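These protein sequence lines are chains A and B, in that order.
Here our numbering is used: position 346 in the first sequence is 346, and no number is missing along the way.
Here our numbering is used: position 43 in the second sequence is 1043, and no number is missing along the way.
Among the hints, a few may not be true.
With a cut-off of at most 30 Å between alpha-carbon atoms, the simulated DSS-like pairs for lysine-lysine come out as follows [unchecked claim]: (1) A:K201 to A:K310; (2) A:K242 to B:K1028; (3) B:K1028 to A:K80; (4) B:K1028 to A:K313; (5) A:K354 to A:K208; (6) A:K281 to A:K310; (7) A:K30 to A:K80; (8) B:K1028 to A:K13; (9) A:K380 to A:K208; (10) A:K242 to A:K201; (11) B:K1028 to A:K15; (12) A:K242 to A:K274; (13) A:K30 to A:K48; (14) A:K242 to A:K354; (15) A:K281 to A:K313; (16) A:K13 to B:K1027; (17) B:K1027 to A:K310; (18) A:K313 to A:K354; (19) A:K333 to A:K256; (20) A:K274 to A:K256; (21) A:K15 to B:K1027.
Here are some chain B residues pointing at chain A (derived, C-beta under 8 Å) [what the hints assert, rightly or not]: (22) V1036; (23) G1044; (24) E1045; (25) E1048.
Distance windows between CB atoms, simulated [claimed, not checked]: (26) B:T1084 to A:F299: 46 to 54 Å; (27) B:E1074 to A:S156: 27 to 35 Å; (28) B:R1082 to A:F302: 35 to 43 Å; (29) A:R77 to B:T1084: 51 to 59 Å; (30) A:F74 to B:H1056: 40 to 48 Å; (31) A:D40 to B:E1074: 53 to 61 Å; (32) A:A2 to B:E1074: 37 to 45 Å; (33) B:T1084 to A:F9: 20 to 28 Å; (34) A:D40 to B:T1084: 15 to 23 Å; (35) B:H1056 to A:D40: 26 to 34 Å; (36) A:F302 to B:S1050: 46 to 54 Å; (37) B:T1047 to A:K13: 54 to 62 Å; (38) A:S276 to B:R1082: 47 to 55 Å.
Simulated from the structure, these hints should not be mistaken for laboratory data.
As the structure is a prediction and not an experimental result, all values here were calculated from the model.
C-beta: ideal position from N, C-alpha, C; glycine also.
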Amino acid sequence: MASLNELVFGYRKGKVEPKDMPKLTSIFLKLGITSSITPDGLFTIPEKDSGRFTAYAGGRIRFTLSEPLGVPGFFIRGRKRYGLIFALILICVIYFLSSGLVWDVRVSGNETLSDQSIIDSLEQVGLGVGTSWRETDNSAIENELLMARNDIAWVSVVRRGTVAYVRIIETENVTYEQVPVPSYSNVIADRDGVIEEITVKSGVAAVKVGDVVREGDVLISGVVETERGVIFCRAEGCVRAKAVADVSVLATREIKINEPSDTSLAYVRAVLFKFSINIFKNYRNHENNCDIIEEIRNFTLFGGYKLPFKLEKGYYIEYSEATYTRTEEEMTKAARMELETRINTEFRDADILKLRTTGEFCNDGYRITSRVVYATEIGKESVIEVN
Amino acid sequence: MTGSKKRLGIKTILSTISEESFHVEIKKSLRGAVAVISGVMGIGEYTEDSILLLSHSGRMTVVGESLGISVLEERTVEIYGRITEVRLGYGKS
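Isolated chain B (complex conformation) (with noise of 0.2 Å):
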């Protein structure tokens, strides 16, 4: 597992998709759930339902509704909305 160190609280649902060059952590928050995702060369799609980030060996597409992204440092990015889905993809972009 590479990327981010960061460690969320007892109550978060802690989810880790361990994939060679992603991280990811998610939890609850008021607007449904904030996704921090590292390890993020690029944004395929950006849409209100759907966002779809590329890396350099896969691809993660996030489902949900009224989501919106920040960018972060480090090739980071954070995903908040009701996310509903979370999606891998294999191969080189």
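This is chain A alone, in the form it adopts within the complex (with noise of 0.2 Å):
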């Protein structure tokens, strides 16, 4: 049997007669050709030692050599084939060319880009499919698409294999809203409540520690008197008082609810290692009002191993709205659980004081109520009008 070496480079099979087996080895040995001879008289020899062992043993033993085999052996067996020979350069020159371009482009981490308005920019600074790799410059690509686009902040492209993997940053677009400033301004109360603490930074105090307040009352006077007669301010400080608020929750008896209808199967996917082929999907238009439900299905070893190959399965879970009766429990959960989620809303920069809560159910369901004793800062800002 040939060697790959000789299959590579060529070989002749050769056969003597038995008598002449220890000249031809001994010839072998001369020559310094490497061989391999059986004991029914075949040989194999290189390619390009052929010529020197025919030059040398054609008058001292009888032999018969082959034509040649191997890769050389096929081109030369091939060499009036002028289709075959057309056929494996035009293939090795689409490689060479074909290898060399951009076959596709792929952009990721854009939000509210485009990937077409992105892949346009990306062909006016010299990137697009078609491009040659060996003209493009991915550094001066990015510098160049930065400098074309100010709603992109970064952006990095990368080379596998004839896509380019473009990933962009987009440019955060902040616009910072003027608040005006007024000139002159009162503190008032937002809501009722007793003062329980106030600090002013400008302005006069129009309410002391105790006092009760109603909303729209003036905390904080922006108008202050001095001997030179009335000046006007822009009136700051922080007022905190007690308030009283009530929180009513009602847990209707009867509830809307999804209730699965109908199960279709959406796709079988044959899993290796990383690669997927599609064996089945169902191109239906099932994003509304349905769910999917991924089953992985993994494939092991007797020993527990875990081979590289599983099989997906996706269900389309379809929902149809239902009505539902609560009993008096759940009910009462669902309230409670609403109840508690509005006060850590509502009252999320006050602190809680005192918290009474009382529930009855009624022809509607469960209603809950707690009134909520907090503190919190009550001041807010109200322009002067100055004529």
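Hey, can you piece these two chains together into the complex? The hints should help.
Here's what the structure looks like:
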């Protein structure tokens, strides 16, 4: 059997009379030719040594040699098959040319910008489908794209095979709203309460600790009386007061729920390592009122070794709206959870001092009410109109 | 000892026959055994059962069954098959 070296660089098969085998072996030794000789007189000889061997052994022993075999023999035998040679050359040329071109541009990281707009910009700076990789400088393209687009803050172009992977980070559009600062203003109460603490930065305190105030009452005045007369300023300070609020939640007896109505196979995929093949796929539009449940089946050997092959199945589960009647226990639990959520949300900036909760069943369901006593900042700015 | 500097594995049956111009290494193989012999000047006889190797100062006969031969570089040959006996002879070939 010919070695790999002989297959690549060519070899010939030969046959010699058994009586000449010792002579043949001695000739190989003398000429330094590597060969293998079987007891029935068959031998192989590298193509590069065949000429030397024939010239030397021609008059000494009787032997026959085959035509060249291996890769060179293939080309020698097919040298008149012009179509085959042309096809091989064409394949080589196409492979060489196509491997040097960009075949696809894949964009990721964009949230508001469309893929197409980024691909268009990339084409303008010299990277698009069909561009030669040799003429492409990724760093230059990144810089030019950043110069061309103000809405892109960072870009990275990476080549993997014939695909250009472009990752971008968009510029954040932060606009700062100019809040007009009034020249003259009071601090007034935004709800009813009992003053607990007052700190004045500018202006004059109009109330004191322990006073009961109503919504709209002036807490810190921006009108200051001096010896020279009345002057206006922008009142600033912090006023904390104790206030009371009622929070009520109704948990209805009947609620609308989504009930699974139909299940259909969405897709079946075979995954080997990271490569996946779609065996089946349902292209129906199931996006609304639908969940996709994925079932992954792994395969293991007896010893528990996990194979790199798995089968993924996806199911569409469609839902329809139905009415569900809750028990009293469910209503109470739901009402308490919602009340807790509302209190935590509405009074997140306040200190809750006291909480009294009552609940009762009514025709609609279960109503729960909490009276919340809390301390919070109640001052808000009110502009003084000076004519 | 002259000839090949080839090193074989620890499980190899390494048999070195020291003669002025021969170096032999024999190891087990699927076909029985493989003998690598250097310093060979020619082949005196070649059959399935015995191969006679000639050197400048002597001869070596490898006896066995289903013997085959490969010629390597630097006057080295490889004999494979069920090798049962290696005989040495002395004197000019």
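Notebook entry, point to check: Among the hints numbered above, which are violated by the structure, and what are their numbers in rising order?
Noted result: Of the numbered hints given earlier, those the structure breaks are 1, 2, 3, 4, 7, 12, 17, 18, 20, 22, 27, 29, 31, 32, 33, 37, listed in rising order.
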